[in-house]
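First to last, the sequence lines map onto chains A and B.
Read in order, the letters of the first sequence are residues 1 to 307 in the working numbering.
Read in order, the letters of the second sequence are residues 1001 to 1273 in the working numbering.
Each hint should be verified, as a subset may be incorrect.
[To be verified] Label-pair ranges, simulated between beta-carbon atoms:
#, chain 1, residue 1, chain 2, residue 2, range
1, B, Leu1190, A, Arg14, 45 to 55 Å
2, B, Glu1061, A, Glu284, 50 to 60 Å
3, B, Tyr1107, A, Ala258, 27 to 37 Å
[As the list claims (entries may be wrong)] Okay, derived cross-link-like pairs now, EDC-like style, lysine to aspartate or glutamate, Cα gap no bigger than 20 Å in a straight line:
#, chain 1, residue 1, chain 2, residue 2
4, A, Lys268, A, Glu306
5, B, Lys1134, A, Asp63
6, B, Lys1134, A, Glu37
7, B, Lys1010, B, Glu1269
8, B, Lys1134, A, Asp40
9, B, Lys1134, A, Glu17
[Said to hold, decoys possible] To give an idea of the interface, some chain A residues facing chain B are shown, with a C-beta separation under 7 Å as derived from the structure:
#, residue
10, Asp25
11, Gly54
12, Ser57
13, Leu59
14, Cys88
15, Tyr89
Rather than coming from a laboratory, the hints here were simulated on the basis of the structure.
We put the CB at the ideal spot given by N, CA and C, even for glycine.
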Amino acid sequence: MRAALIRTLIDLARENERIFLLVGDVGYSLVEPFAQEFPDRFVNIGIAEQNMIGIASGLALCDKIVFTYSIANFPTLRCLEQIRNDVCYHNANVKVVSSGGGLAYGSLGATHHVTEDLAIMRALPNMTVVAPGDPVEAALATQAIAEWAGPCYLRLAKTGDPIAHQATPDFQIGKATKLREGRDVTLIATGGMLYNTIQAAEQLAQQGFQSRVLSMHTIKPLDTEAVLSAAAETSIIVTIEEHSMIGGLGGAVAELLAELCDSHIKFKRMGLNDSFCSQVGSQEYLRKTYSLSIEGVVSTVICLLES
Amino acid sequence: MNRSNIEGYKTLATRIRSHALRMTNHAKSSHIGGSLSIADLLAVLYNRVLRVDPSRLDWSERDRFILSKGHAAAAAYAVLAERGFFPKEWLGTYCQDGSHLAGHITYGVPGVEASTGSLGHGLSIGCGMAVAGKHSSHSYRVFVLLSDGECDEGSTWEAALFAPHHRLDNLVAIVDYNKIQSFGTVKEVLDLEPLANKWQAFGWAVKEIDGHDFEQIEKALLSVPFEPERPSCIIAHTVKGKGVSFMENQLAWHYKPPNDDELRQALTELGDI
Ligand SMILES: [Mg+2]
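Can you make the complete structure from the sequences, with help from the hints?
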């Protein structure tokens, strides 16, 4: 996904002189082509994320469109108050990008697990929160947030993420993308969980259960229409995210569903329970421990269907 | 040095002080001490130095002034009102229900370039504006007024490292060094000395001045950048509560609003009736 980001940013920067890229001393063998082509619009701020966000805001208040890039929780939680006050309060045109969303940095340990970002970014006024599901969506999301006036958070997975979309989908901020139609259950995925969700839907189909699969690449503003249609047209909704079950996609959907007093929908959040990873392991290994593997999703959904 | 300039600064500074005293009295709000310590600096900035125009708020070449010590909003609002950025009547609504003017300086009020209130944010924002100015070949300067207390914040020093590295000679940091912070003297809480040496070591061109001596303030502010290709830092030695005898150098006036009697006495001392 990060390659898609930089490729798209280069294309955008060729067209638009207002685009800047700031990095917090990360992006080795990734950001160099941007830095070489636009040396006066690329700044390696150093390992100083608070300063990076403040500078981004200052640039944006002078009419620039500023992407800030770092990994893990460094570009968000380390400088959360700068994002709140300097970016969001000023409604500044700053796009905060984090690479390594979810458990992408698996074995590097919990400091590098990005598992509360959606909840925290979502709580900030003026902030738009986008977590593309695969590299195709990542490229489209980069373009969309560049054109979107105001603060955005873009959560990317890592490199070499599997492709979930066979064709280029229509991509709009705040509009879920439907990848599969079905009436038994709606699976709503965000970020890097999209691929496993699609695979799980295929296995479920082999067992006779038809799933609607939505890529909820925008957590905020949430596509309420897509959720409400799912609630009306399918009897079960499952949200799937590589994120704490508190306040992310599952939280956002739950908030919406809870206010529908006439809804009899069966609803389940899949994600990380409220704890740090106690085990060391790859992303794949850790996903398994949280039932976020393909098999984990399949068995959870079958349990729901059969209960 | 022109005599009439000095008179102009003096008059404006007195107005800033009396507005700020009335505002904090009326609103029963804090931070009069740190508002009084910057009044003379603001008077010179807004009377003579800053290239700003109340009738062209989004003039792209305007100088940017950021009050990083956002709690001294009363003084900043006072000078903006005096310079005609908004009606002086607004000052009477400071911190009141439905007012435009909050207790920490807020973007959106005419003439305010950035909201602050949490310390250690302003210098980074200023760096960004300075980078933007260089990139777009604008000739504007960026002035950031910091408190001594916010030199405790690590983020201040992140920005202090950045500006010289990127040769931001269009950036000026002014430290209101009144030697008192929230809970005691700077020396007691977290000593900053040698402060000028620190900025110098980070790569800034530094001048130390008496922040209440108009000649020194003017001379320093009119001679930026002090050196080509380096950001300028003015360490302004000031007195918290300056201008009101019973407030000077008293920690309590970081918090206490003047009551009606104290306001009367303060205004008498300032010669404002
Ligand atoms: Mg102080």
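Each hint, compared with the structure:
At roughly 48 Å, the beta carbons of Leu1190/B and Arg14/A sit within the given window of 45 to 55 Å. At roughly 55 Å, the beta-carbon separation of Glu1061/B and Glu284/A lies within the given 50 to 60 Å, and the hint holds. Distance hint check: the CB atoms of Tyr1107/B and Ala258/A are about 35 Å apart, consistent with the given range 27 to 37 Å. This hinted pair checks out: Lys268/A and Glu306/A have alpha carbons roughly 14 Å apart, not beyond 20 Å.
With a C-alpha separation of about 13 Å, the suggested pair Lys1134/B and Asp63/A falls inside the 20 Å cut-off, and the hint holds. For the proposed pair Lys1134/B and Glu37/A, the alpha carbon gap of about 18 Å is at most 20 Å, so the pair holds. Taking the CA atoms of Lys1010/B and Glu1269/B, the gap is about 14 Å. The hint holds against a cut of 20 Å. The hinted pair formed by Lys1134/B and Asp40/A meets the criterion: a straight-line CA distance of about 10 Å does not exceed 20 Å.
For a cut-off of 20 Å, the pair hint linking Lys1134/B to Glu17/A stands: about 14 Å separates their Cα positions. For Asp25/A, the interface hint is violated, since its Cβ never comes within 7 Å of a Cβ in chain B; the closest pair sits about 12 Å apart. The closest approach between the C-beta of Gly54/A and any C-beta of chain B is roughly 2 Å, which is under the 7 Å cut-off, so the hint is satisfied. Of the supplied interface hints, the one on Ser57/A holds, with its beta-carbon coming within about 5 Å of a beta-carbon of chain B, less than 7 Å.
Interface hint status for Leu59/A: upheld, as the beta-carbon distance to the closest one in chain B is roughly 4 Å, under 7 Å. The interface hint given for Cys88/A is violated, since its Cβ lies 11 Å from the closest Cβ of chain B, which is over the 7 Å cut-off. Given the 7 Å rule on beta carbons, the hint for Tyr89/A holds: about 5 Å separates it from the nearest Cβ of chain B.
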